[in-house]
Amino acid sequence: MHFAFDEDHRSFAESTRDLFADRVTPDTIREAWRAEPGQLDPAPWQAMVEIGLLAAHVPETRGGLGLDELATVLVFEEAGYAGVPHPIVETTLIAGPLLPHADGRMVTTDIGSNGAPWAAEADQFLVLEGSSVALVNAEDVTVEPIPSIDGARRLGVPSWSAESTTVLTRDPRELEELTLRGALGTAALQLGLSRRVLDLAVDHVCEREQFGVAIGSFQAVKHALADVAKLIHFARPAVHRAAYSLATRNRERGIHVAMAKSLSGEAAELAARVSLQCHGAIGYTVEHDLQLYLKRIWALTPSWGDPRSHRTLIADHLRVGEFATTEQG
Amino acid sequence: MDLTWEPGHERFRTEARSWLERNVRQWREMCGGTPPSGDTREGFDRHLVWERMLHEARYAAVSWPREFGGRDASLWEWLIFEHEYYAAGAPPRITQNGIFLLAPTVFEYGTDEQRAGILRRMSAADDTWCQGWSEPSAGSDLAAIRSRAERVDGGWRINGQKTWTTRGAFCTHLFGLFRTDPESERHRGLTYLLVPLDLPGISVRGFGRLDGAEGFADVFFDEVYLPNDAVPGGVALGDEGQGWAVAMATTSSERGLTLRSPGRYRATLERLLVLAREAGRPDLCDRLADAWIRVEAYELSTLETVTELVRGASIGAESSLSKLWWSELDIELHDIARALLGPQFESNPEWHRGWQFALAGPIYAGTNEIQRNIAAERLLGLPRR
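Keeping their order, the protein sequence lines are chains Z and E.
Each step along the first sequence adds one to the number in this note's numbering, with nothing skipped, and position 164 is 164.
Take any residue in the second sequence, note its place counting from 1, add 1000, and you have its number in this note's numbering.
Just so you know, these hints were derived from the structure itself, not from any lab.
Yeah, the Cβ is synthetic: ideal placement off N, Cα and C, and Gly gets one too.
Warning: the hint list may mix true and false statements.
[Stated by the list, open to error] Between beta-carbon pairs, the in silico distance windows are:
no. : chain 1 : residue 1 : chain 2 : residue 2 : range
1   : E       : E1015     : Z       : A220      : 47 to 55 Å
2   : E       : W1005     : Z       : E144      : 48 to 56 Å
3   : E       : L1341     : Z       : S309      : 23 to 31 Å
With the hints as extra help, turn the sequences into a complete structure.
As structure tokens, then:
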């Protein structure tokens, strides 16, 4: 028994943290809100290609690094913290293991969400055809932009013709695995985002003075933020264990991922509410950076299953949900 | 990362499990069925028998060195033992405050003579220890302690009152903080003293807790003479005047790992799931799934903590987050049981006792409000005032 990350996992995460800190500032995210379709600054993406991040899960036989889920979960947490405005989870974790080549092309998908994020920038789309998972090139896709609460996600609904797709797998179990990877990657992003909005709140309440003292000295503020720290503290090991279970093909990995997504979603939602409240009116503006991360949190909560739907899976697993099923027919 | 147990650990688990199964059954038979709570006079004596069975088999304090009655078990094995202990339906430990709160401090601050004189008798339940922290005017504000001990020839003279002393009416000894420098204020000038409760001038008044059991006591000290040799190796633990620092070492282990291991909540959850499968209440599925998640998360977090401790790190203010987690979880588990049982809850002593005990969780071992302050100040760095 040893519940800690290996040195190489930690150093991979540290190097990406530095990269994100350098290349993804709040201004980068604001720019992603503003840029015309297809005009997103490619520099951060290129940097991620260069450090090999995007090829992490492509098998070695196809030119990738063939790493497992444990190797990147901390990286996605950092990506969440930075608010990376690119489909890093979609390309690396969701599509990666199925891709024919590790070529650094940007892949997105609408499988787990309402639309495909960064649809107008993607080179390829991972799509469902029945229960088959297929890849289609952007040239063969028409994208209809749709609104997102988080404008930096640049959401679009893709449509394509059947003859333009390349089927990657017809195995329904592969689709299940892909779904688990989507939920895991999103859970890791949510953890990072939770930490980010908590950090912003802590900075704010230590600085902002009312009644002649920093508002962070008030117990009402302390207690609210302590509850956020508590949820993050207990959601993290759940996300890390889910990554371990996927990496080791644990029989109960589906339940472990469900638990991770439920807790990380809950943590992110609470972090967002409390952070906004602690910021007061300044947090309720588009001028303050807080909104950039709040909106990402709200976009990701339902993505790849909201906390409640994951708990429904768990209730069935515990055999306390079966009555619900029988009663509702 | 490796989340599998080593074969040696699995062997230890099997061994502990079969011992517990056999002996819990045997002890219950000796008690003629369900024994009364260990927090009553009658129940305490029955539980002493159980404690001695544990000691004989070296299960009373598995992680202690063999010379003090333990079996040199690693923290991993301790965790496994706790899990099996509660899974087997074994009773709450009446020796808990000694073994889990005082003993870590004796290991850290005690002299060789104190260790030799105190620990083995504690493991054997020859001496049973209660905690003397709180006073009528010193609860959350523990540093407001007023009970005084003054140096006299060959020992100390004690005056004052301790309260909320769990099982104080039944224990043989008390450990606690006393103001030894009358000029001092707050956390300065306190000394950690070990006091036999049969000294002249000590009177103990047990009183009923919320659940009715006589689990609490007031302990009054009226011109009590505490000789230095009342406890082998001396009655002061750590240096005179350093009591606060010495005591804090104990409270951090209380909040952190050893007071409430995950095995307890896993066992409650399993009983709850049995109830849920019988009751068939789809409206409670979400809460049940969430409770399962929280028990599981507590286990995972504990594995993470033990990994750190085994590496040589120490527990910091994170232990405050754990205390919030398990105390809130315990209430939720019992609250779901209340909902599942409906009107039957009223006449179900097992669950209504558990419910009332769970409600104490956010109060004892430092209220949850204090824990939130600690977490905010020490983990997040918010200003104290």
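Verification of the hints:
1. The supplied range of 47 to 55 Å is met by E:E1015 and Z:A220, whose beta-carbon atoms lie about 51 Å from each other.
2. Between E:W1005 and Z:E144, the C-beta spacing of about 52 Å keeps the proposed range 48 to 56 Å intact.
3. One distance hint, 23 to 31 Å for the beta-carbon pair E:L1341 and Z:S309, holds here, with the actual separation near 28 Å.
Violation of the numbered hints given earlier is absent; every hint is satisfied by the structure.
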